[in-house]
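Student: All chains, full assembly: derive it from the sequences and hints.
One line per chain: the protein sequences are A and B, in this order.
Position 13 of the first sequence, counting from 1, maps to 13 under the numbering used here, and the rest follow consecutively.
With positions in the second sequence counted from 1, the corresponding number in the numbering used here is that position plus 184.
Since the hints were derived computationally from the structure, they do not count as laboratory data.
Be aware that one or more of the hints could be misleading.
[What the hints assert, rightly or not] Partial selection, computed: residues in chain A whose CB lies under 10 Å from chain B:
(1) Tyr35
(2) Gln51
(3) Val57
(4) Arg59
(5) Gln141
(6) Val161
(7) Met165
[To be verified] Here are the simulated DSS-like pairs of lysine-lysine, each with C-alpha atoms no more than 25 Å apart in a straight line:
(8) Lys259(B) x Lys88(A)
(9) Lys69(A) x Lys213(B)
(10) Lys155(A) x Lys285(B)
(11) Lys62(A) x Lys263(B)
(12) Lys190(B) x Lys56(A)
(13) Lys26(A) x Lys259(B)
(14) Lys235(B) x Lys214(B)
(15) Lys258(B) x Lys26(A)
[What the hints assert, rightly or not] Stretch by stretch, here's where chain B covers chain A in the computed footprint (C-beta under 8 Å, at least three residues):
(16) 21-33
(17) 43-50
(18) 68-78
(19) 142-150
Don't be surprised by glycine CBs; every beta carbon is placed ideally from N, CA and C.
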Amino acid sequence: MVDNLENRLIERSREGDPAAFGELVKTYRRQLFSYLVKMCGDRTAAEDLFQETLIKVWRGIKNYNEKEKFASWLFSIAHNCSIDYLRKRKLRLNTFTELKEESAVEKDMQEIFASKEFKEKLEEALNELPFRQRQVFFLRQFGELSFKEIAGITKEPLNTVLSHMHYAVNKLRTALRSEYAQGK
Amino acid sequence: MPRENKNLCSLFEQEAWLFISDEIDAERKKMWLKHLAECSNCSRLLDSNRKITSLYAENMEEDLLESKFETMIKKAAVKITFKEKAADWLYSLNKDFTFAKTALGGGLAAAAMIFLLTLPERSFVNRNETETAVWNDTTMISTIDGISEKIITIEEDASSADAEWSDSLKAISSQIDSLKFCINY
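Tutor: In structure tokens:
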């Protein structure tokens with residue numbers, strides 16, 4: 001049913017209906033914006049990229065192929081915008097240190113996550129990841145895309161994408177564990 | 185832990201995300217469900233992965249102000265001018281085509297131009313082209329064959345002493361021969 005509504009909005013957007021376009025994109029607003037903020041690390045830049053993405057989606061919607069999931073196409077455009085931005089800024093990635101943990105501490109996870117300080121630490125931890133791991137993590141988190149779709153967007157083999165996700169979550173797990181240990 | 189189980193656990197670690205996003209076939213899923221029922225480590229890993237990503241998404245999302253979003257939509261959803269369409273097309277062309285492809289295309293186009301410019305000039309005549317001829321104030325429209333026959337007839341009838349008449353006939357006859365040559369008559 002959601003798909004039918006989305007298809008109708010896409011059709012009306014193609015016909016040039018800005019209201020339908022707004023409704024269409026609104027569904028993905030938070031995820032899309034979150035993705036851009038995390039990718040470029042700057043809220044103001046993310047707003048510019050969000051605008052750029054909207055313009056490209058509006059202009060390109062007539063060429064959108066229904067065989068592809070709309071979210072996948074939308075995030076693909078956003079991803080390319082963020083890549084272009086990062087290339088222009090010539091942002092370099094830090095090296096990644098692999099951490100293996102057996103399990104996370106579940107009991108106080110919610111509480112830990114809610115703390116502002118921890119959120120900052122978490123962002124720091126993720127920023128230490130190599131760019132390719134971060135992009136996979138954020139596409140999965142905010143785009144809610146399948147790993148096959150992510151592999152298509154990032155042009156990497158599926159196993160590589162899975163590996164990136166694995167290392168990214170391990171990083172989070174380590175940060176959580178360290179936070180929990182400090183809390184004790 | 186038995187070696188066989190260790191290998192499975194190692195494999196599950198690689199496939200855990202496919203399992204979470206339900207991107208594996210039914211048979212493989214069944215196999216992992218069986219393993220998860222028996223292996224507390226993998227089961228804990230799975231739960232941990234799910235919880236961490238779920239909590240991250242809940243707590244780390246960013247959002248735009250509604251008013252800002254509305255403004256952005258208005259800015260984006262405008263009628264696209266022809267100039268913008270052309271710019272977009274050129275941009276996509278530039279992105280889609282590598283330098284090598286562009287150079288190859290350009291080279292082929294240049295070669296085709298040179299070939300066409302150096303071709304000998306030819307007159308192309310339609311075999312069914314009609315010719316208008318005027319003989320003694322009479323306008324005749326005929327095919328080349330027709331004109332040729334007429335010239336032969338007139339030549340036979342005309343006086344040989346009439347040099348001007350003869351020269352005119354010769355000139356026209358020569359033109360007709362040229363036309364015939366051009367169309368490989």
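Student: Taking the hints in turn, state whether each one holds.
Tutor: Consistency of the hints with the structure:
no.	hint	verdict
1	Tyr35	holds, 9 Å
2	Gln51	holds, 5 Å
3	Val57	holds, 8 Å
4	Arg59	holds, 6 Å
5	Gln141	holds, 5 Å
6	Val161	holds, 9 Å
7	Met165	holds, 5 Å
8	Lys259(B) x Lys88(A)	holds, 24 Å
9	Lys69(A) x Lys213(B)	holds, 24 Å
10	Lys155(A) x Lys285(B)	holds, 21 Å
11	Lys62(A) x Lys263(B)	holds, 13 Å
12	Lys190(B) x Lys56(A)	violated, 48 Å
13	Lys26(A) x Lys259(B)	holds, 15 Å
14	Lys235(B) x Lys214(B)	holds, 22 Å
15	Lys258(B) x Lys26(A)	holds, 13 Å
16	21-33	holds (count 8)
17	43-50	holds (count 4)
18	68-78	violated (count 0)
19	142-150	holds (count 4)
The structure fails to meet hints 12 and 18 from the earlier list, while all remaining hints are met.
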